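Can you build the whole structure from these sequences, using the hints too?
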Amino acid sequence: MIDNDFDRRDFLKVLGWGGAAVALSGCGNTSIEDGKETVVSYVHAADYVIPGISVYFNSTCAQCEAGCSINGRVREGRVLKLEGNTSSIINRGKMCGLGQAGVQHHYNPDRVREPLLRNGDKGETITWEKAYGLIAEKLNGVSGDQIDFLTGTVSGHLKVLLGNYLESLSSENHFVYEAVSPAVQRAANMKSYGMEMPRFSINKAKVVVSFGADFLGAWVSPVHFSQQYAEFRKGVDGQRGVLVQVESKMTITGANADRWLVVRPGTEGILALGVINALGAAGLQLPADVAAAVKGYDKERVSKDTGVSTEHLARLAALLKERTPSLVLLGSAAEGYAHGSENAAAINLLNHVLGNVGKTIEASSAVPFPQIAPATGNYAALRLANNRLADGQCKVLFTYATNPIFTAPTEMKFKENMAKAGFKVAFTHYLDETALQADLVLPLDSALEDWGTIVAEYQPDGVQIGVQQPLMEKLYPNTRGMGDILLALIKQRRAEEYKSFDDFYSYLRTALLKNKGEFAEAGVDEDVYWNDLLSAGIINVGGNVNKLVDKISTNIQLPPPPERDKDYPFTLIPSVTASLRDGRHTNQPWLQESPDPLTTIVWDSWVEIHPKKAAELGIVEGDILEVESRNGSIKAQAYLFPGIHPDAVSIPLGRGHEAMGRYAKGYGVNPFQILDRVFDKETAELAMHETLVKLRKTGQRIIVVKDEGPVGGSQQGRKIAVSVSSDQVDLSEEV
Amino acid sequence: MSVSNLLENWSEFRHKHPVEDVPHDPYKWAMSIDLDACTGCNACSVACYAENNLPVVGKEKYAHGQAMHWMRIERYWPEDDREFPDQGAQFLPMMCQQCEAAPCETVCPVGATNHTPDGLNSQVYNRCIGSRYCSANCPFKVRYFNWYDYPTTENVWPAEMTQQLNPDITLRGKGVMEKCTFCIQRIRVGQRSVKNEGRVLRDGEVQTACQQVCPTNAITFGNLIDTESKVHQQWKAQRVELAVDEQTKDKEEGGSDLRGYRILEELRPYPSVMYMERVRESAI
Amino acid sequence: MKDIREDIAWAKINKDVLKSLESPRKLYWAILTVAIAMVAVAVGCEVYQYNVGMGVANMDNPHVWGLYIATFIFWIGMSHSGTLLSAILHLMHADWRKPIYRFAEAMTTFSLMTAGLFVAVHLGRVWQIYYALPYPNERGVWPNFQSPLLWDAMAIFTYLSSSILFLYVGMIPDLAICRDNIHSGWRKKLYTLLSLGWEGTDRQWRNFRITYLTIACFLIPLAVSVHSIVSSDFASSQQPGWHITSFGPYFVAGALYSGCAAIITLFIILRYVFKFEEYMTLPILKKVVRLTFAIAMVWTYLNLIEYATVWYSHDEASKHVLIMKATGVYAPFWWMMNFCGSIVPLVMAFKRFQTNIPVMMVVSLLLNLGMWLERWMIVAPTFADGYYPWTWDHDQWPSFVQWGIVFGSFGWFTLLFMVFCKIFPSVSMYEVKEMVYHRSLANKKLEVTGMQESGKGAH
Ligand SMILES: Nc1nc2c(c(=O)[nH]1)N[C@H]1C(S)=C(S)[C@@H](COP(=O)(O)OP(=O)(O)OC[C@H]3O[C@@H](n4cnc5c(=O)[nH]c(N)nc54)[C@H](O)[C@@H]3O)O[C@H]1N2
Ligand SMILES: Nc1nc2c(c(=O)[nH]1)N[C@H]1C(S)=C(S)[C@@H](COP(=O)(O)OP(=O)(O)OC[C@H]3O[C@@H](n4cnc5c(=O)[nH]c(N)nc54)[C@H](O)[C@@H]3O)O[C@H]1N2
Ligand code: SF4
Ligand code: SF4
Ligand code: SF4
Ligand code: SF4
Ligand code: SF4
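Chains as they are written, first to last, in my numbering: chain P, 10 to 744; chain S, 78 to 361; chain X, 17 to 475.
Heads up, some of the hints might be wrong.
Heads up, incomplete: computed chain P residues facing chain X, CB under 10 angstroms, no partners named [said to hold, decoys possible]:
{"hint": "1", "residue": "E717"}
{"hint": "2", "residue": "S723"}
{"hint": "3", "residue": "Q725"}
{"hint": "4", "residue": "G726"}
{"hint": "5", "residue": "R727"}
{"hint": "6", "residue": "I729"}
Not close to chain S: a few residues of chain X, all C-beta gaps over 10 angstroms, as computed [to be verified]:
{"hint": "7", "residue": "M70"}
{"hint": "8", "residue": "M75"}
{"hint": "9", "residue": "W81"}
{"hint": "10", "residue": "L139"}
{"hint": "11", "residue": "W158"}
{"hint": "12", "residue": "D249"}
{"hint": "13", "residue": "V289"}
{"hint": "14", "residue": "Y317"}
{"hint": "15", "residue": "I321"}
{"hint": "16", "residue": "I339"}
{"hint": "17", "residue": "S358"}
{"hint": "18", "residue": "L382"}
Calculated from the structure, these hints are not laboratory results. Owing to the predicted nature of the structure, the values given are computational and were not obtained by experimental measurement. Note that the Cβ used here is the ideal one computed from N, Cα and C, for glycine as well.
See the structure below:
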């Protein structure tokens, strides 16, 4: 990596007239011959562009909320590849597949390139002046409480500016919606540990029991936890870490577990209490109220309810008792029920009982400037926004970084309700399902063209503020940074206050320099400091450590597992995969063609069903099944999958787009659409795993497109991928 | 003219694997992959697409077995008849094993796939005539043939996306065989840059794209000759040797506290990739 | 059962054979049209494949070889008939070969020309095909002499050129006859040119015989080596189902087998189309059939040897491939091949069928189907299974492009053959004369000693 400390502004300006021409005249994309472009001689190459030599710039990954710091390889003014920033404590130079596909977000051929105004069914290209004018006009005479902003997670200075804009509109209606979020857990953690997101130290634990937390896949901060996991496997005090995963559908984390315990859907909490009970039976001193609370959860009952054998229960308790510290994690699979919060409380209680709080669960630091701390999203926000739309309370709707028409259950009728708002503005990169319903579509710069700061919710140590900076000149002249747009809009209301900021860049620079004293040694020159900051791509601040509480709550009401519904015999598990998540990146071809790790399927959706159940129903691989809930039905190919409870079927989220460009549209189905509206009682979050479905064979059968061959995951007795028992090897002795 | 060239150099040309008369010096590139660390996340595979200009062939061609993933992550289930895979799945990153005595090399009629002095199985795209014999003879089936002219195939690289392409490597046209190269372009850039300094590459100065991205550091790549390199030390600790078809682990009683093995090494391709067995806890 | 008459006039032989060069019958045109149509199908498929990419043939990774290689081996095998009849039987002084060796030799040449095309059709970058030849070049880049494919290329090239030479040299006296009997037009010019001033002088005959014999001697090892080299494409690889020691003789036997079977087919067709009953007599057919039967049994034996060695080896992967051949997706074809290759020829053991033309027509076609299947069953199942279970591929099925080109290759062969028959005498006039002469001499001798039995030839 080259730590250049030249002036980034000059660099970009230079790129503006030199590098960009080079960039755009790349192979297969040249318009030099037809005279639209000028040849820029490499003999007189632009400053900072050394033909043939790559330069690397740090920025922040915007593909998910984990906030990994990235290191972009730039050559001849084009960004070629994203690598990890080795100085980042979140990802330490590493990345996930989703993050790397960020370049395909940037170069995506289906990006919106011009502001579009709805004209019947079509979008008509308009100028930005006209677009801004239109917004001003539409806001005229609308009161603040009739203006809604529906966004995904926002943090950093963009969040500040957005807040200021809302304030200038006297609106308090900022709804932060994430379709897939650890919202139940946040509430439960708040109760148990005194903070929404404490630090989890997998690497310090000797045993990790994860109740459906897919920390190697899509949970919270996967790259970070994968690194912790690697250390954990190497072991603490020479003892290799043991992973036990409890869930009804195997995640990639479950696939890496030493013991994967399949439970009847929704009984995670019962198992947690059962383990506590067993720990007590094994001689662990339990506080009296805890002992009382778990009294009914004896081995036999728990085994009967959950389906986990008494033997495994006893072994798990013995292991937890013997090897400390341990760590119990709680993930979306446990949260996604009407009693999700109760499950979460039971699971967190296990951590308390095991004495992990303070050891492997540690206090996180508060972001020193609360205004830039992330506004984390949840489902409840969408519910509120939707109700307001339904009731006609919202006259002007702005959407940003969210696609509720795709992710909201059809039953919510979000699309119909959205139509009731008089004027809908979508700030977007693509014409996704939601943007298609907007009246005004404003095209955004890609994450690799834009400025900003990103603060992740999960912080492994102190607080790391990620700096987002353009890695190259804009590809299209008529896209705008979200910050620039907000600044322009806010100037419509408070011109005086913001007149000193030409653009979001100057706003950001000013804001960051204002706090220079906090981060840098005194007396450092502003420009030097600024360049160092951009070069590093991250700002690490200590932040005040939150106060960890170790609060035991034993008031847990777990329902017994319900009888199976005769009409709808299966629980639908909409699974969240590491690369597609809630579907916002489905249009990145690397991700479409990156096989699902467990099924190896590409480019399509599938229904996972246990082979035993499939045999019972006469279902074979590739059968097109109609999966019907009380709220709709979808059709997808069957995949016989041993890692799922026979009472459940699972369909991955993220596919099934009806818009969003050539790589997303028309591939697979969207299980969000058929979700039942069942909510967690405490947090009002959508209980994602509470949808019951029935299956119907349609009679069609197709060949499943996957990497795995006809003998599936069998090695045919050959020595290909080999396993060894832990008592035979000592990893701590290894290099 | 080169008949003399042919007569004099032929045997030498075809002996570039570690028989003692021609040892690799100063480089022998090798890898080790820790299957206990690998989570099967696929990040390495995506990195390989990004680094090596691999085409995304699309659903239809994928269905026809024409995918071009140089690095594929295989997922195995336990073979016994248990109802659930309650010890998880087993993942295996599989790419060209850069065999020292590569079965693919001897059969290529035109010598388009060769052994380099630094111990790589090279692939000379320009020379390849597309006979596919190399793939037929590769025991691991890690060679990928360009069944179509992907650079000109619709939606593989639309104009916008071509700007992402790595200029350090060509785009392969139809009819050419390709496979993992151990990111040769990175190795060559590294080698040339240190040549000017009159030294050899140090461990870590060149990383393969898959190694670089791997969140669990499951992949180690380096110079097997360099005793300081991690890959050397891992091979040594696991007592895995390059030009041997049975390792200590399998040979000796009590050798089983080792995890290092090579896949299909009994066929004597002498792979340059050592795998380390996945571990599963016995107490649970 | 009539054999060639000994009292047949030499002028009649000339007249009968030359007649076959004249205005074709309707049937000829019909066959030619069909052949051209078949070629057109293949050309269409190839153009499509060339433009769009090999992918349209529906091969995949790792199933990288398909019908092209299988059919390539098949045609190479066919080519062995000519050498067998012309060269080997020539050296063995089997005179019954004389009326039929010419077309068998033509078959050799045309099957090689067909086989060669499959190399081109198969290559991903056919425009670079010359890279596979060891031509001297400035860069000092040589092909890889370790690769059997390279030797394949060289062997086929050599075999083809030698076969053409052999065919041509053996035809010179006949070409002179043509020259002398045809008085105008392009044919006259052609025959004049090609007959190289043949006058039939003693000196010419002596030189001719030496040359012909030399080429024959040269051709025999070449024929054996060609198919041995083709077999080493497989035998010298490391793949299960391929690295089998007996492949050399097995391939050669298979080649002779299919060659002989094709001779029977063409014998019957020519006999009918050109009304060559006088020359292509049933006793000759009987001899060919018996020869074919013997070769069939050799092939069967070698085939069983192959199964047995695999079965009793400790090579699990090879054993698996064998089991999959018998039980997997290719099983119908594999069983069919064994049936056609080893059971059907048993019909030939019965005297009464040996000269039964309809039966022999069907049998010979079935034998060739079996031999074609044999090649496919060598190539494909190893790709469907193999060492590495993850990449097993049981779904692969050749697309219409592969089938179209294979289909068209038969048209191409027929086309070449039909054109040949109309330009060159497909029965060797001078050798038939020799044969008749020798027989009558022998008969006279027998008459003198009073030992003649009617209907039996001299040898
Ligand atoms: N950085 C870098 N350097 C390289 C290479 C690389 O890949 N990267 N490649 C190397 C290689 S392989 C090569 S071949 C060289 C090429 O290096 P050069 O030979 O320098 O190649 P060009 O720049 O293509 O052409 C030279 C000049 O010839 C002019 N010209 C064109 N037609 C004619 C004509 O008919 N008559 C005359 N008199 N002039 C004409 C052109 O306008 C141009 O100014 O560069 C080498 N240097
Ligand atoms: N538009 C345009 N086209 C041109 C020219 C031009 O001036 N303009 N110039 C022409 C000329 S003069 C030339 S010489 C050609 C050059 O054309 P190419 O030969 O295609 O040249 P490069 O792109 O320099 O290199 C080929 C590839 O080799 C890879 N490589 C590097 N080292 C190794 C190695 O050890 N093994 C393998 N397998 N690969 C390696 C590189 O990463 C690169 O991808 O281009 C010709 N084409
Ligand atoms: S985990 Fe999220 S932030 Fe990190 S690299 Fe992956 S997508 Fe980017
Ligand atoms: S990136 Fe690492 S952990 Fe992920 S699949 Fe590849 S080798 Fe395994
Ligand atoms: S793994 Fe296959 S392609 Fe790679 S060197 Fe070995 S034989 Fe050749
Ligand atoms: S496909 Fe290319 S590299 Fe492979 S054997 Fe044929 S010519 Fe050689
Ligand atoms: S070493 Fe390079 S070419 Fe090989 S799999 Fe890894 S990234 Fe791909």
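Verification of the hints:
This hint holds: E717 (chain P) has a C-beta 7 angstroms from the nearest C-beta of chain X, less than the 10 angstroms allowed. With 10 angstroms as the threshold, the beta carbon of S723 (chain P) comes within range of chain X, its nearest partner Cβ sitting at about 6 angstroms, so the hint holds. With a cut of 10 angstroms, the hint placing Q725 (chain P) at the interface with chain X holds, because the nearest CB-to-CB distance is about 4 angstroms. For the restraint placing G726 (chain P) at the interface with chain X, the shortest Cβ-Cβ distance is roughly 8 angstroms, inside the 10 angstroms limit, so the hint holds.
Among the interface hints, the one on R727 (chain P) holds; its C-beta lies about 6 angstroms from the nearest C-beta in chain X, closer than the 10 angstroms criterion. The beta carbon of I729 (chain P) comes within 7 angstroms of a beta carbon in chain X, closer than 10 angstroms, and the hint placing it at the interface holds. The beta carbon of M70 (chain X) is not kept farther than 10 angstroms from every beta carbon of chain S, the shortest such distance being approximately 5 angstroms. Not every beta carbon of chain S lies more than 10 angstroms from that of M75 (chain X), the smallest distance being close to 7 angstroms; the non-interface claim is violated.
For W81 (chain X), the shortest C-beta to C-beta distance to chain S comes to about 6 angstroms, within the 10 angstroms cut-off, and the non-interface label is violated. The claim that L139 (chain X) is not at the interface with chain S is violated, since a C-beta of that chain comes within 10 angstroms of its own (minimum 5 angstroms). Residue-level check failed: W158 (chain X) sits 5 angstroms from the nearest beta carbon of chain S, not beyond 10 angstroms. For D249 (chain X), the requirement that its beta carbon stay farther than 10 angstroms from each beta carbon of chain S is not met, with the minimum near 8 angstroms.
Residue placement check: V289 (chain X) keeps its beta carbon more than 10 angstroms from all beta carbons of chain S (closest about 39 angstroms). Every CB of chain S is more than 10 angstroms from the CB of Y317 (chain X) (nearest about 28 angstroms), matching its label as outside the interface. Non-interface call for I321 (chain X) relative to chain S: holds, since the shortest CB-CB distance, roughly 24 angstroms, exceeds 10 angstroms. Distance check on I339 (chain X): its Cβ is at least 18 angstroms (rounded) from any Cβ of chain S, clearing the 10 angstroms threshold; non-interface status holds.
Residue placement check: S358 (chain X) keeps its beta carbon more than 10 angstroms from all beta carbons of chain S (closest about 28 angstroms). Every beta carbon of chain S lies more than 10 angstroms from that of L382 (chain X), the smallest distance being close to 30 angstroms; the non-interface claim holds.
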